[in-house]
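Top line first, the protein sequences correspond to chains A and B. Per the working numbering, the first sequence starts with residue 1, numbered consecutively. Per the working numbering, the second sequence starts with residue 1, numbered consecutively.
Derived by calculation from the structure, the hints in this document are not laboratory data. Note that beta-carbon positions come from the ideal geometry of N, C-alpha and C, so glycine has one too. Treat the hints with care, since some could be wrong.
[Claimed, not checked] Pairs of lysine-lysine, DSSO-like flavour, derived with a Cα cap of 27 Å:
| id | chain 1 | residue 1 | chain 2 | residue 2 |
| --- | --- | --- | --- | --- |
| 1 | A | K186 | A | K121 |
| 2 | B | K44 | B | K105 |
| 3 | B | K129 | A | K234 |
| 4 | A | K234 | B | K60 |
| 5 | B | K105 | A | K187 |
| 6 | B | K131 | A | K187 |
| 7 | A | K150 | A | K121 |
| 8 | A | K113 | A | K128 |
| 9 | A | K234 | B | K105 |
| 10 | A | K99 | A | K150 |
[Claimed, not checked] Label pairs and their in silico Cβ distance ranges:
| id | chain 1 | residue 1 | chain 2 | residue 2 | range |
| --- | --- | --- | --- | --- | --- |
| 11 | A | E180 | B | T38 | 39 to 45 Å |
| 12 | B | S152 | A | E190 | 42 to 48 Å |
| 13 | B | A26 | A | D175 | 49 to 55 Å |
| 14 | A | N127 | B | G109 | 39 to 45 Å |
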Amino acid sequence: MAKIYKTGVLLAGLLTAGMSSAALAGGPVDEKLVIDDELEIITRTAAPEGHPLDEVISGWHYRTEETRALEADSFQNPGMLYVERGEEIWNTVEGDAGKSCASCHGDGEEFLKGIGANYPKWNADANKPFNLELQVDQCREENMQAKPYKFDAADQKALVTYIKHQSIGMPVEIDLSQGEMQEWWKKGEETYYTRTGQLNLACATCHEDYNGNYIRADHLSQGNVNGFPTYRLKQSAMVSLHNRFRGCIRDTRAEFPAAFSDELMALEVYVTWRGTGLSVETPAVRQ
Amino acid sequence: MTKGLKIIFAAASFALAGSAFAETLAPDDVEIVDMEVTASLTGKPGDATIGRETFADRKKGNCLACHVNADLSDQLFHGEVGPPLDGVGDRWTAQELRAIVIDSKEVFGEQTIMPGFYTMNVGINVAEKHKGQTILSAQDVEDVVAYLTTLSE
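Given these sequences and hints, build the entire structure.
Here it is as structure tokens:
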């Protein structure tokens with residue numbers, strides 16, 4: 001009798017794990033994100049072919065009503081200050097060549113439209129995928145004769161936020177047919193499913209198997225990246241994607257890789273693909 | 001002192017050290033058989049009152065991260081990743097609970113999200129300060145198990 005009961009309990013546990021978010025109490029809210037009552041954001045969409053989940057869902061759906069409201073109103077969204085600062089940087093001359101971003105690319109709002117939705121991208125010269133941070137650094141070094149940014153420098157975050165914001169509302173789609181993107185995707189997938197640290201958890205353990213559940217006070221989302229850089233209320237600051245990756249890895253009690261290392265670039269390629277079809281939300285607001 | 005006596009002394013103290021060591025089972029020496037660990041890891045019974053604190057402590061068990069437990073309703077934020085632990089002492093024996101806390105993967109399977117609290121079966125790249133360490137000590141495990149057995153409905 002006792003044994004049968006226990007098997008039942010065990011089965012229930014395993015079933016919950018397998019069913020992931022579907023029927024659980026705290027799952028994603030059934031709401032729509034429309035910014036300033038005019039810009040519709042795609043926050044749920046059918047998953048791309050080969051994706052382990054049926055539907056991809058933005059982290060916005062897992063946040064509280066107050067946090068969601070902040071993102072829906074660009075006057076209240078604290079991340080918009082970084083967009084403004086980024087525009088200034090775009091137009092500011094720096095480095096020995098006496099150039100700004102605008103010197104080569106012209107008006108940012110025109111030139112940048114759609115670009116952020118398609119990164120990371122294969123860079124043939126470097127023979128690896130580039131995210132916006134790496135692309136900006138290449139422009140600074142080669143075209144402006146300026147120093148590359150230090151990881152997470154305030155200006156790096158503001159400029160990348162500005163660049164990404166020019167694609168707000170546009171669906172994320174990366175081109176995996178270029179160069180060796182496919183191999184990097186594969187490497188990223190491996191990392192996503194590899195358990196790390198003393199707590200022995202992989203990205204998938206939390207974000208694939210248990211999204212929609214509370215883990216202590218945190219409501220687990222699918223861990224999509226369409227809102228990055230993201231304004232985090234807890235830190236009162238913009239948080240870059242590689243900072244977030246490192247934070248999640250550290251939380252498993254593991255050493256974390258360097259920002260922009262091959263390992264995290266591969267992870268960025270893979271996780272960006274997992275969010276295919278979601279709108280760019282930058283600057284998203286999260287807890 | 002003669003040489004012979006010295007050797008006898010050395011052997012005696014070695015034997016003493018050996019038996020003191022054997023009282024607490026090292027993680028790699030723990031045997032989980034049929035989802036059970038039969039004997040206390042320390043040879044001593046656990047303390048349920050201390051176990052209750054270890055269970056809730058974010059730096060130790062942090063069990064509330066994943067489990068609702070009505071007995072600790074004074075604490076905020078119980079997670080919902082695992083099943084509620086109300087009445088868990090009725091559902092499992094102390095020997096089974098010990099196995100679950102030591103290495104849940106031996107009971108629930110490799111895929112479980114629940115960490116093993118007294119095992120070296122961990123993920124890659126463990127942070128330097130946690131390397132070679134278990135999340136809980138052997139006595140912590142015994143205390144938590146003693147506490148879990150008090151949870152009945």
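We went through each hint and held it up to the structure:
Distance restraint check for K186 (chain A) and K121 (chain A): the Cα-Cα separation of roughly 15 Å lies within the 27 Å cut-off, and the hinted pair is therefore satisfied. For a cut-off of 27 Å, the pair hint linking K44 (chain B) to K105 (chain B) stands: about 25 Å separates their Cα positions. With a CA separation close to 26 Å, the supplied pair K129 (chain B) and K234 (chain A) stays within the 27 Å bound. Only pairs whose Cα atoms come within 27 Å are accepted, and K234 (chain A) paired with K60 (chain B) is accepted, the gap being roughly 23 Å.
Only pairs whose Cα atoms come within 27 Å are accepted, and K105 (chain B) paired with K187 (chain A) is accepted, the gap being roughly 26 Å. Pair hint K131 (chain B) plus K187 (chain A) holds up; C-alpha atoms about 25 Å apart against a cutoff of 27 Å. Pair hint K150 (chain A) plus K121 (chain A) holds up; C-alpha atoms about 21 Å apart against a cutoff of 27 Å. The suggested pairing of K113 (chain A) with K128 (chain A) holds, with an alpha-carbon distance near 23 Å, which does not exceed 27 Å.
At roughly 34 Å between alpha-carbon atoms, K234 (chain A) and K105 (chain B) are farther apart than 27 Å, so this suggested pair is violated. Restraint check for K99 (chain A) and K150 (chain A): satisfied, since their Cα atoms lie roughly 20 Å apart, inside the 27 Å limit. Hint check: E180 (chain A) to T38 (chain B), Cβ distance near 54 Å, so the stated range 39 to 45 Å is violated. Taking 42 to 48 Å as the suggested C-beta distance range, the pair S152 (chain B) and E190 (chain A) conforms, at roughly 44 Å.
At about 52 Å, the CB distance of A26 (chain B) to D175 (chain A) agrees with the hint of 49 to 55 Å. At about 41 Å, the beta-carbon gap between N127 (chain A) and G109 (chain B) stays in the expected band of 39 to 45 Å.
The earlier numbered hints that this structure contradicts are 9, 11.
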